[in-house]
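**Student:** Kindly produce the complete structure, drawing on both the sequences and the hints.
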Amino acid sequence: MRCQCAFESRALRKRTALLVNFLLGLFTEVGGRGGVQAVSAQLAQRLAACARSGSAEVELLALNDSSVDPQLANGQVRGYERNWLAFALAALFAGVRASSIWVAHINLAPLAWLAALLRPRLRYVVVAHGVEVWTARSMLQSAALRRADRVVAVSAYTARKLELVHGVSTEKIVVIPNMLADDLPAVPTANANPDLILSVSRLDRDDAYKGIDQLLHALALVRASRPEAHCMIVGDGNDRARLEALAHHLNLEAHVQFAGAVSAAKLGALYDECAVFCLPSRAEGFGIVFLEAMAHARPIVALRMAATPEVVSDEVTGVLAADADPHQLCGALLRLLRDPELCRRMGAAGRARVKALYLPDVVEPQWQALLQELA
Numbered sequence: 001m002r003c004q005c006a007f008e009s010r011a012l013r014k015r016t017a018l019l020v021n022f023l024l025g026l027f028t029e030v031g032g033r034g035g036v037q038a039v040s041a042q043l044a045q046r047l048a049a050c051a052r053s054g055s056a057e058v059e060l061l062a063l064n065d066s067s068v069d070p071q072l073a074n075g076q077v078r079g080y081e082r083n084w085l086a087f088a089l090a091a092l093f094a095g096v097r098a099s100s101i102w103v104a105h106i107n108l109a110p111l112a113w114l115a116a117l118l119r120p121r122l123r124y125v126v127v128a129h130g131v132e133v134w135t136a137r138s139m140l141q142s143a144a145l146r147r148a149d150r151v152v153a154v155s156a157y158t159a160r161k162l163e164l165v166h167g168v169s170t171e172k173i174v175v176i177p178n179m180l181a182d183d184l185p186a187v188p189t190a191n192a193n194p195d196l197i198l199s200v201s202r203l204d205r206d207d208a209y210k211g212i213d214q215l216l217h218a219l220a221l222v223r224a225s226r227p228e229a230h231c232m233i234v235g236d237g238n239d240r241a242r243l244e245a246l247a248h249h250l251n252l253e254a255h256v257q258f259a260g261a262v263s264a265a266k267l268g269a270l271y272d273e274c275a276v277f278c279l280p281s282r283a284e285g286f287g288i289v290f291l292e293a294m295a296h297a298r299p300i301v302a303l304r305m306a307a308t309p310e311v312v313s314d315e316v317t318g319v320l321a322a323d324a325d326p327h328q329l330c331g332a333l334l335r336l337l338r339d340p341e342l343c344r345r346m347g348a349a350g351r352a353r354v355k356a357l358y359l360p361d362v363v364e365p366q367w368q369a370l371l372q373e374l375a
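Residues 1 to 375, numbered by my numbering, are exactly what the sequence shown covers, in order.
Bear in mind the hints are in silico, worked out from the structure with no lab data behind them. Not one of these hints is a red herring.
Label-pair distances were calculated between CB atoms; the ranges are:
(1) Val165 - Val187: 39 to 47 Å
(2) Leu342 - Arg119: 51 to 59 Å
(3) Asp361 - Gly167: 31 to 39 Å
(4) Ser313 - Val187: 17 to 25 Å
Small disclaimer: the values here were computed from a predicted structure and weren't measured. Beta carbons are placed, not taken as given, at the ideal position from N, Cα and C, and that holds for glycine.
**Tutor:** Given below as structure tokens:
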């Protein structure tokens, strides 16, 4: 009788374990700076909220993080300090028990694909941010995308790349734009510096497509007509020294400041201070920095390339050049610097666009619908 009761107790626990909604989140990094990190942190918060509400058991694993702010995702993110083997083993062990896996970067999608081979009923979602999915880097990654139950693209441009490059079926793709994590900042009260151009970007060699080189060349041309013009570049990386040398070569040392990484408060103050925001990226998957600048009512100069035109409305919230030619960028920058009323009008339109399309009360319900469908 005692053995029978013990057997029934184990069976009940096993059935109960299978019925528990268990969500696994896989992240490259949630604690750093950058668009992917910001989107990953927001996804971690959503999954952690499921645990807080009692609707699911949740496990959140981050490959590159060493320590994560305990306030983020209720302190549930476990960092693996770039230890790929330990991370992969933990992901697979949890993955075969999960009801769904939420993969924040394509580099981790093969782990979900392998877990689904071991447990065919497993469902998983992959987030596609931009340039990392615009080419087929490996057959395994493409297979993982095709097997996914849903692939979240942050732009229609990336959605088309998922179909054309990886063969992901249209019905599996859902476009959910990036969003500002917080509500709109206060309307700037002080007048902007009429000659300050702001740019915010990683300064890594792998991110040369961001176009900081072209911005520096354009600034040299701008100053020939407007000597007071100067530029603040926020961000850091392993290409910073080369870019500083380029600024020196162009005789811009006194007119370009490389600010490095700054606090959120300082960045907000710089958005308020600048007259124009410029990021001439040739391959932007979305561009959260565009949202930030528009939220501060600042006009944008960027390129009519990749996903940028989905975020920045040409001639409405900014001026989009056809390519990264410095002369075209110079013309766009001078047009705005010479016309404060145009800056004011485009800045107001950008702020209204952010409020209508990119705040949590607009974007979050789209994520919640996906969670309810697949979690």
